[in-house]
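Participant: So the sequence lines, in the order shown, correspond to chains A and B. With numbering that gives the first Met the number 0, letter number 41 in the first sequence gets 40, and the count goes up by one each step, no holes. With numbering that gives the first Met the number 0, letter number 170 in the second sequence gets 169, and the count goes up by one each step, no holes.
Worth double-checking, as some hints may not be accurate.
What the hints assert, rightly or not - Heads up, simulated DMTMM-like pairs for lysine to aspartate or glutamate below, C-alpha to C-alpha not over 25 Å straight-line:
| # | chain 1 | residue 1 | chain 2 | residue 2 |
| --- | --- | --- | --- | --- |
| 1 | A | K177 | B | D11 |
| 2 | B | K1 | A | D170 |
| 3 | A | K160 | B | D11 |
| 4 | B | K461 | A | D56 |
| 5 | B | K1 | B | E106 |
Treat the hints as calculated values from the structure; they're not laboratory data. This structure is a prediction, so every number in the text was calculated from the model and none was measured.
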Amino acid sequence: MITQHPTGDMTVLTYLCFMPNCVLTFTDRGIYCPAGDFYVDPWRPVDRALITHGHADHARPGHRRYLCTDACAPVMQHRLGNISVETVKFGETRRLGDASVSFHPAGHLPGSAQIRVEVAGEVWVASGDYKVVPDGISEPFEPVRCHSFITECTFGLPVFKWDDQSDVARDLNAWWGKNAREGKASILGAYSLGKAQRLLSMLDPEIGPILTHGAVENTNDVLRQQGYHLPDTIHVTPDLKAKDHPGALVIAPPSALGSQWGRRFGPSSTAFASGWMRLRGVRRRRAADRGFVISDHADWDGLMQAIRETNAENIYATHGYTDIFARWLNSQGYNAEVVPTEFGGEDDEAADAA
Amino acid sequence: MKDFAALFTTVDQTTKTSLKTKALAAFFNTASDDDKLWTIALFSGRRPKRAVTTTQLREWAAEVSGIPLWLLEESYPIVGDLAETIALTLPPPSRESDLPLTHWITELKSLAALDIEVRKARILDAWDQLDPTERFLFNKLITGGFRIGVSQKLMTRALAQATQQDEASLAHRLMGGWTPETTTFHDLMEAEDVEADESRPYPFYLAYQLEDRPAALGSPEDWQAEWKWDGIRGQVILRNGTHHVWSRGEELMTDRFPEFARLIDFLPDGIVLDGEIVAWDGAQPFPFNTLQARIGRKTVPKKLLKDAPVILLAYDLLEHDGEDLRNLPLKERRSRMDAVLETLSADAPVKAAPPLPFDTWDTLAKTRATARDHRAEGLMLKRKDSPYLSGRKKGDWWKWKLDPLTVDAVMIYAQQGHGRRANLFTDFTFAVWDGNDLVPFTKAYSGLTDDEFRKITAWVRKNTQQRFGPVRQVTPHHVFEIAFEGIHASPRHKSGIALRFPRMSRWRHDKPLEEANTLDDLREILHSYG
Ligand SMILES: [Zn+2]
Ligand SMILES: [Zn+2]
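Put together the whole structure using the sequences plus the hints.
Facilitator: Spelled out as structure tokens, the structure:
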């Protein structure tokens, strides 16, 4: 199924398609559309890159031209600096060569998209990262009908099932409230783009002040300017005195937990928010006082729902437990294949923050 | 079960021993006697008899969850725990209940007498009324291995706090062969004649690894040195004309070592010896793998008894004439022990572990360097005036192990970890050169930091050449120093050798692939140390 042919110093791998129209192919630079001559979330520098969302494993530096939604662009520019970006609105169709492309909400984080590509009536969708349940801040996931669906499966095992966001919010606020009553700060580790803002939107600001690490606050600024609503936060600057903010909840990147930075808040309880917290072993490795199970990715049921609703026959699994997930899909009557590892590379930080 | 589940959640969510102890003590203050008794039993390694097999559990769980069995089986190694995998996979319960821990244990015990279809119905009914945490604990009661971050020592401390008893005497009371079926909470806690239980061992005193130079311990004449043997730490007990053998893990191993039955002919009654059980070749211990062949067997075939007879190398006398000697200084206990063992004939299955004379720490360091020649893994240092304490306490007993053997090897296969490290690649296969080929010779799982595991995980994902199920063949590139405690010939392995306690001691970023060790180097080590 995979052929290798050396071209100069780089090996180009092409996933052979049995379809008459191979709309998207898998190359060692990422997902490629021959008809439109563009890549989706490429991981090596290319001429034209279509970007699903701003996470580091999807929006990489070094491409000549970027195309993404107007909702995604500000964060991407904030992270990648001076790049050449064109934007489209969600649902707007753009013609690139012989391909028509459009972006549709993926529900993963504010501005995140799935990319639909149509060539001569054949439709493929590259999901990027997604979750199907609304979180109150990201544009809700929209199923897009297609013939072939490239799906992530970060949590593609039946053990991964998420509780309702409202239940997690109740636990989160209860933890914060208890710490506040006991005179402890609550330090919550979360990835600075997406997870942090979702958690912010779940907090009850009546409990106390909300403090943010610089990495989180910079992203907050960008999203607020775009019109996303977030509760008021106080940026933790070097001269901030923790005792001026009793009962505070602090949101910081996971790496700040247990560091010198975290010690300034005095007595504290720590927590970590991620889908991996579903597993007791990972919870214990993290060695935080609490683990909240909350993910920007679809759980097992969410993946199955999304796949069903695309009506696709061909499924390409990437990111995660791809072998197991593809085997399961095949047993359910889909044509499922694993996107070879070389192309499913996950950024460690992002994978860990999922 | 809700109170027990809440206890578990509290204990599981914190790494602080003080908080765990507090939560357990609070539970011991409020739970019923039956629940307390079972909690003590579970945290000291006792569990109800298994009423269903794990195979049945898996099949039923997959069926109820509407997934094929293979999918549950594939999830299990990633989660790392079958009880947890099942608890997480099952659909939500249709109703709620709050029956006590003892109810569920009694329910499980009663299943044994029922036929399989009824057993299945009762298990499914239990799952259907328990939340995920309760289900996890319920499944744990069936599958065993109740390790949930509470050591027996911690449980004992909490119980001592809750019942206002002395921790050390409580620890002694909780040892031995009781089960919740043979006693009650009241009898276990209050029974006056604890000595009545003739099989009861003393809590083991455990040594710390010496990190400093031994000179930091002070004057050499205050210390006694012995070989640190590579066997099984054990207590041999002779009381009322019967004998018992306990391992350090508090496992009763009397039947595995029938050699000790003869001790009654050699030693006076009312005696407890602490020492190392080793397979003995007549002059020195066999390598550990010889003993290992015996540990796995509940009954020992005649041939093995003849080829690998065991003896106790005794180094401490804890009870003599029925009297507890643990508060006497070591040198006193030792001289009493020597007096008892001195007169025994050479074929007795017990010998006094010889103390190693030394004047200075330097001469002792020279002795230590020869440990492998004596089939020892290093030295034990014990303060001559120390009492026999219980558990791991710093100060009086130290192990001064030899530096491990090492070899530089190439990583060739990687597999995702489980449990704690489910989202990382942590299980690796290593190879050495045999001409131009790389021959696999060992696996190793531990020794890297979380950060290093993350780095190697990212690398493995990008450098996979082939997949064999969960195993990935990676580009030979990275060299690791593998440390190990022993080596022996093994025809079962392609390389012809097997290592004891292999682990990654260093990531050799500085070493190019070609400079990894060869199979001949390994054979050399086998020749010198095997
Ligand atoms: Zn993402
Ligand atoms: Zn991603």
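Participant: Which earlier hints turn out false for this structure, listed by number in ascending order?
Facilitator: Of the numbered hints given earlier, the structure breaks none, since each of them holds.
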